[in-house]
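*Asks:* Take a look at the letters that make up each chain.
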Amino acid sequence: MALLEVREVSKDFGGLRANDRISFQVGADEVVGLIGPNGAGKTTLFNCVAGYYPVSGGQVFFDGQDITPLKDFQVCRLGLARTFQIFQASGDLSVAENVMVGAFVRTGSRRKARAKAEEWLEFLGIADAGGLMLSELPVARQKRVALATALASDPKLLLLDEVAAGLNAAEVDGLVKLLTRIHREKGLALLLTEHVMEMVMALSHRVVVLESGRKIAEGEPAQVVKDPEVIRAYLGDHLVSGENGHA
Amino acid sequence: MEAIRNAFDFSDFPRLDMTVAGAALVFLLAFPALPHSSFAMATMIQFLMFSLYGMGWNTIGGYAGQVDLGKAQYVGIGAYTTAVMMVRWDVPFWVSMPVGMALAVGWSFIIGYPLFKLKGHYFAIATIATSLVLKDLFEVWDFVGGAKGLELPLRGNFPDFLYLQFREDYYYFYILLAMFLAGLLFINGFRHSRLGYQLRAIKDNEDVARSLGINVHWCKIKAYAVATAYVAMVGSFHACYNFNIEPEDTMSLDLSVLIAMMAMLGGAGSLWGPIIGASILVPMRSYLGSWLGGQAGLAGLDLVIYGAIIMLIAAVQPRGVWGMVEAVRGRRRGV
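As you go down the protein sequences, you meet chains H and X in turn.
Going letter by letter, the first sequence gives residues 1 to 247 in the numbering used here.
Going letter by letter, the second sequence gives residues 1 to 335 in the numbering used here.
Worth flagging that the hints you see were computed from the coordinates, not collected in a lab.
Any given hint could be a false lead.
As the list claims (entries may be wrong) - DSBU-like mimics (lysine-lysine), calculated; alpha carbons at most 35 Å apart, straight line:
#1 H/LYS177 with H/LYS71
#2 X/LYS222 with H/LYS177
#3 H/LYS71 with X/LYS148
#4 H/LYS112 with X/LYS119
#5 H/LYS156 with H/LYS112
#6 X/LYS148 with H/LYS156
#7 X/LYS117 with H/LYS112
#8 X/LYS119 with H/LYS71
#9 H/LYS156 with H/LYS71
#10 X/LYS222 with H/LYS156
#11 X/LYS203 with H/LYS112
#12 H/LYS156 with X/LYS119
#13 X/LYS222 with H/LYS71
#14 H/LYS156 with X/LYS117
#15 X/LYS222 with X/LYS148
#16 H/LYS112 with X/LYS148
#17 X/LYS203 with H/LYS156
#18 H/LYS112 with H/LYS71
#19 H/LYS186 with H/LYS226
#20 X/LYS148 with H/LYS186
Claimed, not checked - Only some residues are given here: those of chain H computed to face chain X with a beta carbon under 8 Å:
#21 GLY91
#22 MET100
#23 ARG114
Quick caveat: nothing in here was measured; it's all calculated off a predicted structure.
Backbone N, C-alpha and C define an ideal beta-carbon position, used for all residues, glycine too.
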């Protein structure tokens, strides 16, 4: 039984169908990449899975439970955490205190939340930033704070929405290593949307490709990048010659 | 146990702050023994009352960042509960005060549930409206004395600790000071509690807060209830202290605005902010008000000055006096 099962999920905004009957699964020890050109509906799908948007059709199952009717805060309590493309932490709280807010999902004790926050800051290599305000950190470290905050809620599955956006090559490299460690050492399943292909390819066991709100391919990263439909989606019809056969 | 430790944990403030706070406490404890006019004593009592109002307001208005301009309705509920129970059934203050707090908190759930579906300015306007409606209802409700209000019966045996009737103001002062200290410790524990942290997360980004398992709507309602308990408690005290209450002085918009303004002037969302705000505005209001009232044609000018203060806070330092202190230190800590 998959940890996350997305079954025929659709999402309409007025007359626009942003997600059209999309199905896929994420296993308990899997890393799955969700890719597609701009406007393919990746973030919308993310928001549907995380309970941020109500779906227009279909169902989402998490850990054997139908979470379709649940709100985002309820989904989080079940162990499905997410990050946002733009992380805005509370300006009234220090870095460590922001991470504590994540830990408060599981405990009412400040002492325990503080310990949990320090543990994750340490694991993510930003223990020295605990007493600072988020705005005092460079972007790459801010992203780690966002990660720490989500991780402190003790999730089974972490949804990462474009965590590599705005990072340079070296920083992306560091992030890939970090996420690999999170997956291996902490046993978390990951579902990531990403524009930075190096990252998706390096991390994902499986890739799901969206285009114009539909799923057009799914498989191992190495296979998917050779899929003519995927190439067409990324490059456009006019660049793909007739032998690939999608006129 | 941890809640008690949290309440006494001031470790995130530098020693200087605690020294100043300690000195202020010594001054407060000694104040009745120092030479003072009865006007100064009345002003001190007002200062303590408004500090408590502000501390309460700060939970929802400061930590959670929801500008509430309708706190007076709960002052009224507290004051009227105590007054009605004392006038009609001879119930002592120490019984009617918790009843008043419970009634006010109950009412705050009813009001808060729909109110917190609104955001920003709409929320602020709605809080004003609900408060004014309640005031209008009380003005035509004969059971509570209508617009004339209620007069508390004098029991004659001073000092009466059960019914809070004293000839000398220092009794009121010390009882209120005890409430003030208890209220301060409670807020200190509150800001260290799970709810306290969650509210500060809600303030800046509700989406992120919800993604961290926080039921934003319910958290706001809970903070609103805490704020309500504070102002209702002081409202009960106000009834005994004044011997006479009417809708106009317990539930007016002026009072709601003053409560919010003191906390904002001192520093919304900080522990000391409401106290600092009250220590500036209450004496100013007392002395300016009485001085202007004595000058022909100048009465009401104090309202103009409050308006100017609000504009100044908004333009110069939205985090109030405490924000300035932090700016000077170059650090923004100890919220």
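*Asks:* All hints are to be evaluated individually against the structure, with a verdict given for each.
*Replies:* Going through the hints against the structure:
Taking the CA atoms of H/LYS177 and H/LYS71, the gap is near 32 Å; set against the 35 Å cutoff, the hint holds. Straight-line distance between C-alpha atoms of X/LYS222 and H/LYS177 comes to about 42 Å, which puts the hinted pair past the 35 Å bound. For a cut-off of 35 Å, the pair hint linking H/LYS71 to X/LYS148 is broken: about 49 Å separates their Cα positions. At roughly 33 Å between alpha-carbon atoms, H/LYS112 and X/LYS119 fall within 35 Å of each other, so this suggested pair holds.
Of the supplied pair hints, the one linking H/LYS156 and H/LYS112 holds, its CA atoms being roughly 20 Å apart against a limit of 35 Å. Using a Cα cut-off of 35 Å, the hinted pair X/LYS148 and H/LYS156 is violated, with the two alpha carbons roughly 63 Å apart. At most 35 Å may separate the alpha-carbon atoms for a hinted pair to count; X/LYS117 and H/LYS112 meet this at roughly 32 Å. Only pairs whose Cα atoms come within 35 Å are accepted, and X/LYS119 paired with H/LYS71 is accepted, the gap being roughly 19 Å.
For a cut-off of 35 Å, the pair hint linking H/LYS156 to H/LYS71 stands: about 17 Å separates their Cα positions. With a CA separation close to 29 Å, the supplied pair X/LYS222 and H/LYS156 stays within the 35 Å bound. The hinted pair formed by X/LYS203 and H/LYS112 meets the criterion: a straight-line CA distance of about 23 Å does not exceed 35 Å. For the suggested pair H/LYS156 and X/LYS119, the alpha carbons sit about 33 Å apart, so the restraint of at most 35 Å is met.
The straight-line distance between the Cα atoms of X/LYS222 and H/LYS71 is roughly 19 Å, inside the 35 Å bound, and the hint therefore holds. Distance hint between H/LYS156 and X/LYS117 is fulfilled; the C-alpha atoms sit about 31 Å from each other, no more than 35 Å. About 34 Å separates the Cα atoms of X/LYS222 and X/LYS148, which keeps this hinted pair within 35 Å; it holds. Between H/LYS112 and X/LYS148 the alpha-carbon distance is near 54 Å, which puts this suggested pair outside the 35 Å criterion.
As the CA atoms of X/LYS203 and H/LYS156 are separated by approximately 27 Å, the hinted pair is consistent with the 35 Å bound. The suggested pairing of H/LYS112 with H/LYS71 holds, with an alpha-carbon distance near 26 Å, which does not exceed 35 Å. Distance check on the hinted pair: H/LYS186 and H/LYS226 sit about 32 Å apart at the alpha-carbon level, within 35 Å; holds. As the CA atoms of X/LYS148 and H/LYS186 are separated by approximately 68 Å, the hinted pair breaks the 35 Å bound.
At about 5 Å, the closest approach between the beta carbon of H/GLY91 and any beta carbon in chain X falls short of 8 Å, and the interface hint on this residue holds. Annotation: H/MET100 was flagged as interfacial toward chain X, and the flag holds, the nearest CB pair being 6 Å apart, inside 8 Å. A distance limit of 8 Å between C-beta atoms decides the matter here; for H/ARG114 the minimum to chain X is near 10 Å, and the interface restraint is violated.
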